[in-house]
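Visitor: Given next are the chains, with one letter for each unit.
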Amino acid sequence: MTATATRPPDAAPPATGGKRAPKRERQGAAWVFLSPWVLGAAVLTLLPMAVSLYLSFTDYDMFDAPRWIGFRNYTQMFTEDPRYWRSVITTLTYVVIAVPLQLLLALTVAIALKSVKRGKGFYRSAFYAPSLLGASMSIALVWRAIFNDGGSVDNLLSGMGIDIGGWINKPGWAILSVALLTIWQFGAPMVIFLAGLQQIPAELYEAAAVDGATWWRQFRSITIPMLSPVLFFNLVLQMIQAFQVFTPAFAVSAGKGGPADSTLVYTLYLYDRGFTASHMGYASAMAWALLLAIGVVTAVLFRTSRAWVFYANDNNEGAR
Amino acid sequence: MTTAPITTTAPAARRRPTGRIVLHICLIAVLLVMLYPLAWLLATSFKPADEVIASLKLLPSHFEWGNYSTALDGVNEVSVGRLLWNSLLIAGGAVLGNVISCSLAAYAFARLRFRMRGPLFAFMIATIMLPHHAILIPQYIIFNQLGMVNTYWPMILPKFLATDAFFVFLIVQFMRGLPRELEEAARIDGCGPFRSFFSVILPLTRPALITTAIFTFIWTWNDFFTQLIYLFEPEKFTLTLALRSFVDASSQSAFGPMFAMSVFALLPIVLFFLAFQRFLVEGMASSGLKG
Numbered sequence: 001m002t003a004t005a006t007r008p009p010d011a012a013p014p015a016t017g018g019k020r021a022p023k024r025e026r027q028g029a030a031w032v033f034l035s036p037w038v039l040g041a042a043v044l045t046l047l048p049m050a051v052s053l054y055l056s057f058t059d060y061d062m063f064d065a066p067r068w069i070g071f072r073n074y075t076q077m078f079t080e081d082p083r084y085w086r087s088v089i090t091t092l093t094y095v096v097i098a099v100p101l102q103l104l105l106a107l108t109v110a111i112a113l114k115s116v117k118r119g120k121g122f123y124r125s126a127f128y129a130p131s132l133l134g135a136s137m138s139i140a141l142v143w144r145a146i147f148n149d150g151g152s153v154d155n156l157l158s159g160m161g162i163d164i165g166g167w168i169n170k171p172g173w174a175i176l177s178v179a180l181l182t183i184w185q186f187g188a189p190m191v192i193f194l195a196g197l198q199q200i201p202a203e204l205y206e207a208a209a210v211d212g213a214t215w216w217r218q219f220r221s222i223t224i225p226m227l228s229p230v231l232f233f234n235l236v237l238q239m240i241q242a243f244q245v246f247t248p249a250f251a252v253s254a255g256k257g258g259p260a261d262s263t264l265v266y267t268l269y270l271y272d273r274g275f276t277a278s279h280m281g282y283a284s285a286m287a288w289a290l291l292l293a294i295g296v297v298t299a300v301l302f303r304t305s306r307a308w309v310f311y312a313n314d315n316n317e318g319a320r
Numbered sequence: 001m002t003t004a005p006i007t008t009t010a011p012a013a014r015r016r017p018t019g020r021i022v023l024h025i026c027l028i029a030v031l032l033v034m035l036y037p038l039a040w041l042l043a044t045s046f047k048p049a050d051e052v053i054a055s056l057k058l059l060p061s062h063f064e065w066g067n068y069s070t071a072l073d074g075v076n077e078v079s080v081g082r083l084l085w086n087s088l089l090i091a092g093g094a095v096l097g098n099v100i101s102c103s104l105a106a107y108a109f110a111r112l113r114f115r116m117r118g119p120l121f122a123f124m125i126a127t128i129m130l131p132h133h134a135i136l137i138p139q140y141i142i143f144n145q146l147g148m149v150n151t152y153w154p155m156i157l158p159k160f161l162a163t164d165a166f167f168v169f170l171i172v173q174f175m176r177g178l179p180r181e182l183e184e185a186a187r188i189d190g191c192g193p194f195r196s197f198f199s200v201i202l203p204l205t206r207p208a209l210i211t212t213a214i215f216t217f218i219w220t221w222n223d224f225f226t227q228l229i230y231l232f233e234p235e236k237f238t239l240t241l242a243l244r245s246f247v248d249a250s251s252q253s254a255f256g257p258m259f260a261m262s263v264f265a266l267l268p269i270v271l272f273f274l275a276f277q278r279f280l281v282e283g284m285a286s287s288g289l290k291g
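So the sequence lines, in the order shown, correspond to chains X and R. According to my numbering, the first sequence is numbered sequentially starting from 1. According to my numbering, the second sequence is numbered sequentially starting from 1.
If you are wondering where the hints come from, they were derived from the structure by calculation, not from laboratory data. These numbers come from a predicted model, not from an experiment. Where hints are given, some of them may not hold.
[Unchecked claim] Which residues of chain R face chain X? A partial, calculated answer using Cβ under 8 Å:
| id | residue |
| --- | --- |
| 1 | 139 |
| 2 | 151 |
| 3 | 194 |
| 4 | 281 |
Glycine included, every Cβ here is placed at the ideal spot set by N, Cα and C.
Full structure from sequences and hints, please.
Guide: The structure is reproduced here in structure tokens:
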């Protein structure tokens, strides 16, 4: 059943590097290796994208055939659905709080770790561990308990005379507890920062020190520019992930997005519309709006990156 | 202390030992705050029901092993053993799928020439950033049409089709670092692309494959959303999904067993992490550098 080696017509590209085997055979071999990926990309990525675009213009509940309704879903979303906007604002609030703080913490710890000689490997692993555990339901449940009424955070704060109560029951504070869970997982970007820091040639700092540059000056003129590609990579990656936050918001609010829709993040509302309320057309429209929003944000980031991301030596051989 | 100053990039820490000590104290302080939730989880899993809310102390007055035996009974009349097996089945299938399909695709991208290589590679990179939700509903419809809802196929099948482009990319990057001379030599010895993939490249790619396997395992294990939409029969639930039943139960009396179960659910990840931390940290570190 496997559709092997869809042999492309001849006219192979000019083979570089002295390929001795017949081009046609190597081409065929490449397609054999690629076939699972090609099938997956076509059937599980491209086709679903097209279908969800189509469904976003329909009224569809999984049982009856989709009914074409034009832009109805979109107009409803943008003009008649206050919960939709609520979820957009909640998600943006979360992204704007969580991503910069997480990256700032990651960068700070990475810089501190760089100068550590003893126990660097231990620190690195220990700080990284939450990034693996943090996405789990288990930790999300811990978060719910710690930030609940009478939980650890409540006790600690009221001990200091700050009486907020349980964060997860307070609109405004609940999403903050979700953001803290993301910030807690700063280890993954931290590890990437650290690897980037270690690739900055030591001579740069030596030369700067000889010229009498202060620590701050070195940081601003060497570390930041040399690290900017890594910073950019982390920013894009974390941002895209943050837009799709689901599990902690689900756990903290028992799947409802409460209190008062204050943890109703975008994907939680999408899940609610599509899978709880069976408005698959509407949910598809939401999915496409999210896709476009992430695309726009990423494009804007790439655009601005030309101004602040500095590539020292462009010798990556990768296709771009 | 006595290491020769090979790295000369940290003047403050190098010159003054006190500065170094302060640095360590700060790092340990941050570490303790970070580890608190984990310590809390472990402690609470041993606490008797009346101590969970009332007591401010982290440590339980006595260890309540009953929480664990309650947790072992499972939820919805499904035992923890069964839930664990289900979780392992999905994660194991996903690992197998990703390692096979991603290394195949990666080899083509890293080493073989074919038409449309550039555009296809760019497309593959773009799908790394594609939000999963954009394709979620049609995928659900497809799997529904195939009668695969409430089975594990929706979680495993896509992995055999290399849909986790992140790992294709990871392995491509690794393979590019391998010396080409090896394959040249293999080719002179008469190896075609298949032989040279299986006998030369694949063994050398082991570190990247291990990284792929572990990350796939952990991410699949933790993936709540996919399991939530595809599985609805308690018999088929995973540990992650079973924990969900506790989300709905609001009473705090179930805290002990709930967190005992959470410990069960985290245990494989912790073990993997302890065993393979180098692969994980290095794998993560290298992913960001060669983009």
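Visitor: Let's test the interface hint: is any C-beta of chain X closer than 8 Å to that of residue 151/R?
Guide: violated, 16 Å
Visitor: Tell me if residue 139/R is really an interface residue toward chain X, meaning its C-beta lies closer than 8 Å to one of theirs.
Guide: holds, 5 Å
Visitor: Return the status of the interface hint for residue 281/R: holds when the least beta-carbon distance to chain X is below 8 Å, violated otherwise.
Guide: Check passed: Cβ of residue 281/R comes within 5 Å of chain X, closer than 8 Å.
Visitor: Measuring from the C-beta of residue 194/R to each C-beta in chain X, is the shortest one below 8 Å?
Guide: With a closest approach of 7 Å, the residue 194/R hint holds.
Of the numbered hints listed earlier, the single one contradicted by the structure is hint 2.
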